[in-house]
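**Q** Under my numbering, the first residue of the sequence shown carries the number 17, and numbering increases by one thereafter.
No lab work stands behind these hints, which were simulated from the structure alone. Note that CB positions come from ideal geometry on N, CA and C, so glycine has one too. Hints may be right or wrong, so weigh each one.
What the hints assert, rightly or not - Label pairs and their in silico Cβ distance ranges: (1) 205 - 321: 20 to 30 Å; (2) 170 - 206: 25 to 35 Å; (3) 68 - 117: 24 to 34 Å; (4) 203 - 160: 47 to 57 Å.
Claimed, not checked - Lysine to any residue pairs mimicking SDA-like chemistry, simulated, CA-CA at most 20 Å apart: (5) 40 - 70; (6) 25 - 68; (7) 249 - 196; (8) 131 - 80; (9) 131 - 106; (10) 249 - 290; (11) 292 - 282; (12) 120 - 145; (13) 80 - 240; (14) 248 - 297; (15) 80 - 45; (16) 249 - 208; (17) 252 - 203; (18) 311 - 283; (19) 70 - 28; (20) 111 - 141; (21) 83 - 124; (22) 290 - 324; (23) 131 - 232; (24) 120 - 138; (25) 80 - 203; (26) 290 - 248; (27) 252 - 299; (28) 287 - 248; (29) 292 - 318.
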Amino acid sequence: MLKPANLRKIASNIESESIKHYLKDLGVLSIRERELQGIERLVRHFMDEEVSLKFFYIGYSIPKISKEFDLLAFDQMHRVINIELKSQADYDEEKVKKQLINNKYYLSQVAKDIKLFTYNSDSDIIYTLTEQDELETTDISSTHLFFASEFYRFLSTFGSIDVGNLDSLFKVSLYLVSPFRETQAFLEGDYLLTQQQQVLQNNILKMSESGFYAVNVPSGNGKVLMLYDTVKKLSKNSTVLIVHVGKLNATQFSLRRNYGWKIIPIRQFMKKIKSKKLRNFDYIFIDEAQNLSIKNINTLINYFEMRPTMLFLIGVTNSKAKKFIDGNYSFLTIG
17 MLKPANLRKI ASNIESESIK HYLKDLGVLS IRERELQGIE RLVRHFMDEE VSLKFFYIGY
77 SIPKISKEFD LLAFDQMHRV INIELKSQAD YDEEKVKKQL INNKYYLSQV AKDIKLFTYN
137 SDSDIIYTLT EQDELETTDI SSTHLFFASE FYRFLSTFGS IDVGNLDSLF KVSLYLVSPF
197 RETQAFLEGD YLLTQQQQVL QNNILKMSES GFYAVNVPSG NGKVLMLYDT VKKLSKNSTV
257 LIVHVGKLNA TQFSLRRNYG WKIIPIRQFM KKIKSKKLRN FDYIFIDEAQ NLSIKNINTL
317 INYFEMRPTM LFLIGVTNSK AKKFIDGNYS FLTIG
């Protein structure tokens with residue numbers, strides 16, 4: 017379990033070998049040298065010892081989501097401060113903005129009052145977000161500028177506390193939106209993909225040639241959200257069909273009837289292929305593809321081999337799932 021740190025203790029012992037033992041005892045198992053230097057330079061500005069800078073969680077990562085924060089602190093009023101550390105003077109400000117907006121989403125699930133900052137130790141600049149998600153820049157290179165900054169005013173009055181195990185606060189269920197259960201949140205885009213989901217999606221979106229692609233998604237990694245978000249993105253400029261291996265659920269019928277999504281069950285799909293009544297699509301995604309029969313796969317290959325369609329077989333891989341791609345077929349495997 018990650019325990020909160022005293023930033024002043026880190027800054028005053030940064031050259032000491034004991035700092036490694038201190039951080040290890042807190043559960044901070046990996047921290048880069050430049051991040052330690054960033055903490056040291058930041059603390060150097062707080063000359064007033066009354067600003068304790070205690071109870072900061074370093075490098076907390078939300079379980080299963082791979083979302084990490086450099087510094088987090090909480091107080092009794094359920095407010096949270098997030099400080100990200102950068103060390104390149106010319107670090108891209110758009111990346112700073114994107115990261116803080118991303119952090120705002122994750123932190124808004126556990127706190128109502130959020131303060132987001134990025135400290136660039138090379139340029140001595142503090143970045144923060146406005147309520148309109150615009151990036152504000154504050155130069156703190158001089159004592160006068162630092163004491164006049166919102167950053168100093170907020171931290172000097174912030175009574176941070178030890179809130180215990182952060183995993184009990186950042187529950188994974190808060191972030192894994194299901195298009196089937198939280199349909200409105202999904203349609204409104206009120207979610208973010210995990211790092212693993214984003215990698216899989218990027219691999220799908222970069223494909224540009226027609227052909228057959230197998231996407232293997234490990235069990236429990238939000239396959240449905242990744243697939244439906246990908247389809248939502250592609251549908252803006254392309255024709256996309258989802259084929260579900262099994263019967264459609266109520267949400268799939270609703271998406272089809274009320275929002276124009278193209279979703280059909282596998283039996284209807286195979287009938288359209290056999291009768292040659294399937295319209296042309298740029299992309300076809302077959303969900304739960306691990307349940308396809310070899311007969312189905314042979315039919316797909318014979319029908320789509322010479323057609324300009326990108327066909328993705330989306331399947332869950334686990335110890336119980338059978339291998340759904342025969343080794344003799346020329347599928348490009350993703351994931």
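**Q** Give a verdict on every hint.
**A** Cross-check of the supplied hints:
1. 205 - 321: 20 to 30 Å: Taking Cβ atoms as reference, residue 205 and residue 321 lie about 36 Å apart, which means the hint is violated.
2. 170 - 206: 25 to 35 Å: 27 Å, holds
3. 68 - 117: 24 to 34 Å: 29 Å Cβ-Cβ, so the 24 to 34 Å window holds.
4. 203 - 160: 47 to 57 Å: 49 Å, holds
5. 40 - 70: 17 Å, holds
6. 25 - 68: The hint holds at about 10 Å.
7. 249 - 196: Roughly 18 Å between the alpha carbons, so the hint for residue 249 and residue 196 holds.
8. 131 - 80: 25 Å, violated
9. 131 - 106: 23 Å, violated
10. 249 - 290: At roughly 30 Å apart (the allowed maximum being 20 Å), residue 290 and residue 249 break the hint.
11. 292 - 282: 15 Å, holds
12. 120 - 145: 9 Å, holds
13. 80 - 240: Holds, at roughly 16 Å.
14. 248 - 297: 15 Å, holds
15. 80 - 45: 17 Å, holds
16. 249 - 208: 13 Å, holds
17. 252 - 203: Roughly 14 Å between the alpha carbons, so the hint for residue 252 and residue 203 holds.
18. 311 - 283: 13 Å, holds
19. 70 - 28: 13 Å, holds
20. 111 - 141: Between residue 111 and residue 141 the Cα gap is close to 15 Å, so the pair holds against 20 Å.
21. 83 - 124: With a Cα-Cα distance of about 14 Å, the restraint between residue 83 and residue 124 holds, given a limit of 20 Å.
22. 290 - 324: Roughly 18 Å between the alpha carbons, so the hint for residue 290 and residue 324 holds.
23. 131 - 232: Distance of about 38 Å is beyond 20 Å: violated.
24. 120 - 138: 24 Å, violated
25. 80 - 203: Violated - the C-alpha atoms of residue 203 and residue 80 are around 24 Å apart, more than 20 Å.
26. 290 - 248: Judged against 20 Å, a Cα distance of about 28 Å means the pair is violated.
27. 252 - 299: Measuring from Cα to Cα gives roughly 12 Å; hence the hint holds.
28. 287 - 248: 26 Å, violated
29. 292 - 318: Within the cut-off at roughly 12 Å; holds.
When held up to the earlier numbered hints, the structure conflicts with 1, 8, 9, 10, 23, 24, 25, 26 and 28 and fits the remainder.
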